[in-house]
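Student: In case you want the letters, here they are:
Number of protein chains: 2
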Amino acid sequence: MLYSPHLITHRIMPENQEFPMLSLSSRITPEHLFYRRNHFLYPNVDMRFWRLSIEGCVNKPLYFRYDNLLNMPQVTLPVTLECVGDKRSFFEPKTRGEQWGLGAISHAVWTGVRLQDLLHAADVQGNAREVTFEGMDKGARTDMPGVFSYKRSLSLERALHPDTIVALYMNGKPLPFRHGYPARLIVPGWYGMASVKWLHRIVVIEEPFQGPFQVVDYVFNRKPLTPFAPEPITTIRLNSTIAGPTDQEVLARGENWIWGIAISGSAPVVQVEISIDNGNSWLVASWMEQQEAYSWRRWCWKWTVTEPGTYDIKVRAKDAAGNTQSEMADWNVNGYGYNAIQHIRVYID
Amino acid sequence: MLYSPHLITHRIMPENQEFPMLSLSSRITPEHLFYRRNHFLYPNVDMRFWRLSIEGCVNKPLYFRYDNLLNMPQVTLPVTLECVGDKRSFFEPKTRGEQWGLGAISHAVWTGVRLQDLLHAADVQGNAREVTFEGMDKGARTDMPGVFSYKRSLSLERALHPDTIVALYMNGKPLPFRHGYPARLIVPGWYGMASVKWLHRIVVIEEPFQGPFQVVDYVFNRKPLTPFAPEPITTIRLNSTIAGPTDQEVLARGENWIWGIAISGSAPVVQVEISIDNGNSWLVASWMEQQEAYSWRRWCWKWTVTEPGTYDIKVRAKDAAGNTQSEMADWNVNGYGYNAIQHIRVYID
Chain A
1 MLYSPHLITH RIMPENQEFP MLSLSSRITP EHLFYRRNHF LYPNVDMRFW RLSIEGCVNK
61 PLYFRYDNLL NMPQVTLPVT LECVGDKRSF FEPKTRGEQW GLGAISHAVW TGVRLQDLLH
121 AADVQGNARE VTFEGMDKGA RTDMPGVFSY KRSLSLERAL HPDTIVALYM NGKPLPFRHG
181 YPARLIVPGW YGMASVKWLH RIVVIEEPFQ GPFQVVDYVF NRKPLTPFAP EPITTIRLNS
241 TIAGPTDQEV LARGENWIWG IAISGSAPVV QVEISIDNGN SWLVASWMEQ QEAYSWRRWC
301 WKWTVTEPGT YDIKVRAKDA AGNTQSEMAD WNVNGYGYNA IQHIRVYID
Chain B
1 MLYSPHLITH RIMPENQEFP MLSLSSRITP EHLFYRRNHF LYPNVDMRFW RLSIEGCVNK
61 PLYFRYDNLL NMPQVTLPVT LECVGDKRSF FEPKTRGEQW GLGAISHAVW TGVRLQDLLH
121 AADVQGNARE VTFEGMDKGA RTDMPGVFSY KRSLSLERAL HPDTIVALYM NGKPLPFRHG
181 YPARLIVPGW YGMASVKWLH RIVVIEEPFQ GPFQVVDYVF NRKPLTPFAP EPITTIRLNS
241 TIAGPTDQEV LARGENWIWG IAISGSAPVV QVEISIDNGN SWLVASWMEQ QEAYSWRRWC
301 WKWTVTEPGT YDIKVRAKDA AGNTQSEMAD WNVNGYGYNA IQHIRVYID
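Sequence lines, in order, name chains A and B. FYI, the UniProt record's numbering numbers position 289 of the first sequence as 289, with every residue one higher than the one before it. FYI, the UniProt record's numbering numbers position 21 of the second sequence as 21, with every residue one higher than the one before it.
Please note that a few of the clues may not be correct.
Unchecked claim - Once the Cα atoms are required to be at most 30 Å apart in a straight line, the calculated DSS-like pairs of lysine-lysine come out as:
#1 B/K151 to B/K94
#2 A/K302 to A/K223
#3 B/K138 to A/K302
#4 B/K94 to B/K302
#5 B/K151 to B/K60
#6 B/K151 to A/K94
#7 A/K151 to A/K223
#8 A/K302 to B/K94
#9 A/K318 to A/K94
#10 B/K318 to B/K302
#11 A/K138 to B/K302
#12 A/K94 to A/K302
#13 B/K173 to B/K151
#14 A/K94 to A/K138
#15 A/K94 to B/K60
As the list claims (entries may be wrong) - Label pairs and their calculated CB-CB ranges:
#16 B/L225 to A/T304: 29 to 37 Å
#17 B/V147 to A/T310: 23 to 31 Å
#18 B/P227 to A/D349: 44 to 52 Å
#19 B/R345 to A/N280: 44 to 52 Å
#20 B/P93 to A/H161: 18 to 26 Å
#21 B/P93 to A/R129: 46 to 54 Å
#22 A/M328 to B/T235: 41 to 49 Å
#23 A/S26 to B/T246: 45 to 53 Å
#24 A/L251 to B/T246: 53 to 61 Å
FYI, nobody ran anything at the bench for these hints, they're computed from the structure. Small disclaimer: the values here were computed from a predicted structure and weren't measured. For every residue, glycine included, the Cβ atom is placed at its ideal position computed from N, Cα and C.
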């Protein structure tokens with residue numbers, strides 16, 4: 001109690017707060033430190049009236065009450081969620097939006113029903129192409145008039161993937177309200193914008209969904225603009241983060257641990273390397289836990305330092321497909337998907 | 001409760017956390033959001049044994065129990081405390097130490113006994129030159145071996161100033177443990193390093209105090225080093241801070257408020273000016289409250305904006321002595337006393 005890290009507040013209404021990465025001490029993020037990223041004020045959820053409906057291109061439109069969902073077969077998946085704006089504050093030049101540091105990312109174990117079970121029950125029609133997911137949160141946007149629900153879509157294929165779930169539990173307890181109670185879509189391996197909170201309406205459609213959270217936000221806009229449609233944001237990019245030491249920290253000589261996390265939404269992360277000489281030479285860090293399909297993985301490296309001075313420390317991850325992180329950030333107008341090699345400086349007295 | 005800002009965590013042990021400036025909504029900082037800056041772990045304070053002793057160059061060495069102090073005449077002063085590392089993260093190049101943002105500053109009303117009353121009771125000798133103040137917090141340093149108490153000194157003159165107090169209450173309640181219970185020195189107008197928490201020992205001395213928190217830390221070290229002793233840090237520099245909007249925020253057209261605080265430890269702040277065109281023209285902000293000797297003062301300015309675009313907003317304060325803030329930061333090795341003009345960018349959609 002005496003030493004308690006807190007969420008790092010970026011905005012109060014809507015509530016945007018990040019996990020304090022320097023407090024990383026377990027694979028699962030404590031619930032009160034799990035990052036919060038909201039587009040709107042929290043919705044009013046009245047469980048007397050809440051239903052999850054499945055509509056559109058289905059032969060049997062239907063709805064589920066909360067207890068219907070609780071009584072269906074459940075699957076459990078450890079899944080790291082990361083906001084695609086994570087690390088935005090490191091872009092140069094800076095980009096518009098919440099200036100997230102290292103912690104718009106957290107990890108939990110999610111339990112719920114497979115989305116494919118719900119879609120099969122509704123009997124999807126042959127012309128179906130996408131599935132939209134509507135949260136109960138809604139409000140105004142700065143760029144167009146009107147009131148908008150937070151709404152996203154998936155391809156029918158991704159919707160039917162056995163690991164796409166409607167989560168009812170987080171870390172073995174009913175979803176906390178702030179994280180989407182009573183039901184939240186979880187799209188493992190994708191950035192967090194896909195995992196719609198306070199889910200209440202699923203619509204199967206035959207045309208590509210064109211809502212603003214699908215085609216205005218959450219696409220890679222680059223300059224100069226091209227005539228092609230901008231690339232939509234999907235899977236979490238290969239990334240690694242130093243939780244400690246922190247940038248500009250002053251340390252004593254002797255043994256100092258360097259530790260953090262690595263993740264990728266596409267191929268397994270197979271190696272993390274540390275440099276203490278600004279990238280001239282690299283050493284392999286140790287894993288603190290096993291590989292899991294959709295989870296960040298903690299690593300550490302014991303640094304025995306005898307010489308006082310200034311040290312430039314870098315970290316980079318490699319995945320099973322042979323990819324590695326780049327020195328150069330992939331700058332884009334909205335500051336999405338930062339995954340350049342992280343660099344910190346520490347001082348040994 | 002649903003929307004609750006939190007302290008911004010920079011370090012857990014020792015606990016260094018800043019006030020989330022964007023939550024500024026009253027002159028007095030709520031206790032749970034008052035910034036915390038510690039050099040060491042929290043001390044063990046056992047009130048059965050706690051005494052405040054006055055020793056050294058005094059004719060009547062004595063000690064006070066807690067109830068002795070409570071029964072003495074009390075004075076009440078509103079005083080803003082600011083860590084001299086506040087805004088350190090804005091220095092370019094970056095400097096060693098906690099990367100404080102805008103919020104290593106908070107305001108409270110302090111009640112306690114005048115230090116001069118305690119010193120008079122002890123009958124200070126004619127050879128006295130300085131007074132040292134020792135906190136109960138102690139620990140190791142990175143730059144020299146040994147265990148050190150947090151200990152600072154004041155000139156005898158500043159110690160005898162009627163507004164230098166040994167505070168027992170913060171905002172009308174006994175000091176919170178994290179803010180120095182049972183007794184904390186408060187040196188109004190000075191940076192926070194002078195206001196020693198968990199105060200338990202006052203020693204009157206005849207030579208300048210040479211402890212590391214007096215002559216190694218909390219001095220302005222510049223490069224190249226000069227043969228002169230570095231300037232010690234004392235009064236809070238003229239400064240102003242934008243609490244909202246936040247840097248890189250996206251706003252809608254219409255009325256937007258720009259608001260924040262201004263402060264100086266030397267002369268009264270008489271004016272705050274806002275520029276929305278990157279410093280080409282300046283407009284006078286309104287005060288939200290009266291001038292008080294040692295308090296920050298909130299200001300605001302209503303910005304009616306009709307043109308979409310990118311706006312570079314700046315704020316600068318002026319004091320009664322004719323000083324104004326500079327565009328250029330006064331860079332120094334330890335990143336102390338940042339008070340350059342603040343610049344944020346906002347986007348109007």
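Student: Now tell me, hint by hint, if it's right for this structure.
Tutor: Hint-by-hint comparison with the structure:
1. B/K151 to B/K94: At roughly 27 Å apart (the allowed maximum being 30 Å), B/K94 and B/K151 satisfy the hint.
2. A/K302 to A/K223: With Cα atoms ~42 Å apart, A/K302 and A/K223 exceed 30 Å; violated.
3. B/K138 to A/K302: Holds, at about 27 Å.
4. B/K94 to B/K302: Not OK: B/K94 and B/K302 at ~33 Å, beyond 30 Å, violated.
5. B/K151 to B/K60: It holds: about 22 Å lies between the C-alpha atoms, which stays within 30 Å.
6. B/K151 to A/K94: Measuring from Cα to Cα gives roughly 41 Å; hence the hint is violated.
7. A/K151 to A/K223: holds, 27 Å
8. A/K302 to B/K94: holds, 26 Å
9. A/K318 to A/K94: Within the cut-off at roughly 27 Å; holds.
10. B/K318 to B/K302: holds, 20 Å
11. A/K138 to B/K302: holds, 27 Å
12. A/K94 to A/K302: It is violated: about 34 Å lies between the C-alpha atoms, which goes past 30 Å.
13. B/K173 to B/K151: holds, 25 Å
14. A/K94 to A/K138: It holds: about 28 Å lies between the C-alpha atoms, which stays within 30 Å.
15. A/K94 to B/K60: Roughly 61 Å separates the two Cα atoms, so the pair is violated.
16. B/L225 to A/T304: 29 to 37 Å: Distance hint for B/L225, A/T304 holds at roughly 30 Å.
17. B/V147 to A/T310: 23 to 31 Å: holds, 26 Å
18. B/P227 to A/D349: 44 to 52 Å: violated, 23 Å
19. B/R345 to A/N280: 44 to 52 Å: Given about 35 Å between the Cβ atoms, the range is violated.
20. B/P93 to A/H161: 18 to 26 Å: Violated, since B/P93 and A/H161 (Cβ atoms, about 47 Å apart) do not stay within the stated range.
21. B/P93 to A/R129: 46 to 54 Å: holds, 53 Å
22. A/M328 to B/T235: 41 to 49 Å: The hinted range 41 to 49 Å holds for A/M328 and B/T235, with Cβ atoms some 44 Å apart.
23. A/S26 to B/T246: 45 to 53 Å: violated, 31 Å
24. A/L251 to B/T246: 53 to 61 Å: 31 Å Cβ-Cβ, so the 53 to 61 Å window is violated.
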